[in-house]
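Novice: Here is how the chains run, residue by residue.
2 protein chains.
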Amino acid sequence: MKTVALVAGRGALPPMLVRAVKAQGHRICVVNLKGHNDAPIEPPEVDAATTLPVGAIGKALKFLEAQGAEEVLFAGNVDKTVWYRDLRPDLQALKLITNLPDGGDDRILRALTDMLEAKGFPVGAPVDWLPDCLAPTGHLAGPEASAEVVGDMEFGLRIAKGVGALEIGQTVVVCRGCVVAVEAVEGTDAMIARAGMLAKKGAVVVKAIKPQQDRRLDVPTVGVETLAAMKEAGLRWLALEAGCLILEPERFRAQAKALKIGVYGR
Amino acid sequence: MKTVALVAGRGALPPMLVRAVKAQGHRICVVNLKGHNDAPIEPPEVDAATTLPVGAIGKALKFLEAQGAEEVLFAGNVDKTVWYRDLRPDLQALKLITNLPDGGDDRILRALTDMLEAKGFPVGAPVDWLPDCLAPTGHLAGPEASAEVVGDMEFGLRIAKGVGALEIGQTVVVCRGCVVAVEAVEGTDAMIARAGMLAKKGAVVVKAIKPQQDRRLDVPTVGVETLAAMKEAGLRWLALEAGCLILEPERFRAQAKALKIGVYGR
Chain G
1 MKTVALVAGR
11 GALPPMLVRA
21 VKAQGHRICV
31 VNLKGHNDAP
41 IEPPEVDAAT
51 TLPVGAIGKA
61 LKFLEAQGAE
71 EVLFAGNVDK
81 TVWYRDLRPD
91 LQALKLITNL
101 PDGGDDRILR
111 ALTDMLEAKG
121 FPVGAPVDWL
131 PDCLAPTGHL
141 AGPEASAEVV
151 GDMEFGLRIA
161 KGVGALEIGQ
171 TVVVCRGCVV
181 AVEAVEGTDA
191 MIARAGMLAK
201 KGAVVVKAIK
211 PQQDRRLDVP
221 TVGVETLAAM
231 KEAGLRWLAL
241 EAGCLILEPE
251 RFRAQAKALK
261 IGVYGR
Chain R
1 MKTVALVAGR
11 GALPPMLVRA
21 VKAQGHRICV
31 VNLKGHNDAP
41 IEPPEVDAAT
51 TLPVGAIGKA
61 LKFLEAQGAE
71 EVLFAGNVDK
81 TVWYRDLRPD
91 LQALKLITNL
101 PDGGDDRILR
111 ALTDMLEAKG
121 FPVGAPVDWL
131 PDCLAPTGHL
141 AGPEASAEVV
151 GDMEFGLRIA
161 KGVGALEIGQ
171 TVVVCRGCVV
181 AVEAVEGTDA
191 MIARAGMLAK
201 KGAVVVKAIK
211 PQQDRRLDVP
221 TVGVETLAAM
231 KEAGLRWLAL
241 EAGCLILEPE
251 RFRAQAKALK
261 IGVYGR
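Just so you know, the sequences run in chain order G and R. For the first sequence, the residue numbers in my numbering are 1 to 266. For the second sequence, the residue numbers in my numbering are 1 to 266.
Bear in mind the hints are in silico, worked out from the structure with no lab data behind them.
Identical copies go unnamed one by one, so any copy, or any two together, can satisfy a pair.
Dumping the calculated DSSO-like pairs for lysine-lysine here, alpha-carbon to alpha-carbon at most 27 Å: (1) 161 x 231; (2) 95 x 200; (3) 200 x 34; (4) 201 x 95; (5) 231 x 260.
Produce the complete structure using the sequences and hints provided.
Specialist: Here is the structure:
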């Protein structure tokens with residue numbers, strides 16, 4: 001048995017991880033990020049918990065020490081507006097930020113990870129706790145695609161890998177050999193909505209893992225919300241690189257079937 | 001003296017080319033694309049003209065033959081909705097289209113160019129007629145940029161080249177080492193509007209030439225409309241790869257100064 005600490009943002013992933021860590025017989029303590037969940041995760045659901053604002057790194061470190069955390073996991077979405085607008089960094093956070101090159105949450109997270117590991121808190125990969133949630137290859141859910149759509153999935157995966165290598169984003173929409181939309185900072189759902197207005201029926205949403213991605217920090221993730229955004233936009237095909245994370249996979253597959261959205265792993 | 005034929009879409013470029021060809025002492029005849037200009041270009045402004053719908057390639061060929069065209073130029077925007085929704089191809093256009101792989105106007109234009117050249121009508125590059133309109137390197141117009149913004153221009157050019165190599169689009173918006181938005185089929189102005197909602201003040205619009213671009217068919221182009229879209233979006237910096245086309249360059253520079261938008265060639 002070891003003690004795992006989870007820094008929990010918004011969405012379905014943190015509760016999934018709590019269940020997975022407990023199911024495997026370990027202690028789990030949680031740092032809820034303030035303002036990122038209507039219902040923070042608290043005992044008795046977990047062994048210990050605190051709620052801290054983004055930027056309160058000093059207090060978070062004290063909590064990890066007091067709990068004797070042996071592995072730290074980061075999971076769930078963090079509002080980008082916090083990084084850019086509402087961040088109130090404490091002394092530890094300031095030390096981190098002042099040594100950073102410019103340019104986005106990825107670099108902040110990587111610096112934070114390095115700092116934690118230097119202080120003796122190894123950072124783990126959430127996906128290692130959720131092997132049943134990783135997209136395999138082949139037909140995963142919903143209707144089966146035509147050869148033409150499968151061709152677009154291959155094309156889109158190549159484009160998404162190229163876009164990821166440029167550190168732009170993880171997701172693209174393609175249609176008959178054309179790139180309809182590329183995700184940058186607007187987020188997947190806004191990009192899907194735009195693509196729905198621009199694309200023909202057969203368009204495919206493709207999510208890929210950046211070649212240089214740190215899998216401890218940000219694995220491309222889909223869930224029922226992704227399917228809802230696609231349905232709203234009129235997009236019917238989703239391709240995931242193998243290894244992407246599917247939140248609540250059983251519910252996801254049932255929803256894909258209900259919404260008639262075909263999902264493939266590549 | 002030779003006879004130049006211009007296939008004219010929407011915007012300021014076709015009239016600029018007419019003036020340039022006439023100023024250099026040549027005959028110019030024009031195929032106006034139907035529905036693409038409130039005022040088609042007609043004699044006495046040019047030596048001969050016809051107005052044809054997109055897709056009437058047979059009639060266009062007859063016009064080129066009758067006029068003895070020795071060089072054909074394509075210039076001006078063509079509504080993408082025409083390709084996808086309203087195209088009524090004649091027999092010649094059908095021959096062209098049925099031999100095409102899927103995937104967008106670039107391939108259609110390339111096939112059309114090949115067909116014209118095979119029939120003895122060489123296709124020229126509009127930019128060769130407009131040497132004064134090509135972006136040089138250095139500060140071109142408006143306020144001068146800080147070192148930080150110049151750094152983002154270099155970064156953005158590298159990203160835009162990568163995006164172009166993937167055949168996605170020509171334009172990106174970057175801010176402090178982050179990619180804010182990437183243009184795919186939505187068009188530059190829509191992408192600029194989105195970036196304005198997502199980016200901080202210092203963001204830079206960057207336009208680059210695709211590595212594999214056919215310069216006879218589609219050179220990245222900016223004009224006063226680009227500046228107006230940037231002003232509307234609150235974006236203040238524009239970087240162009242050297243060789244991009246600036247429509248009405250004197251008016252463009254005056255407008256950049258008036259709107260306080262700094263423009264650089266890289």
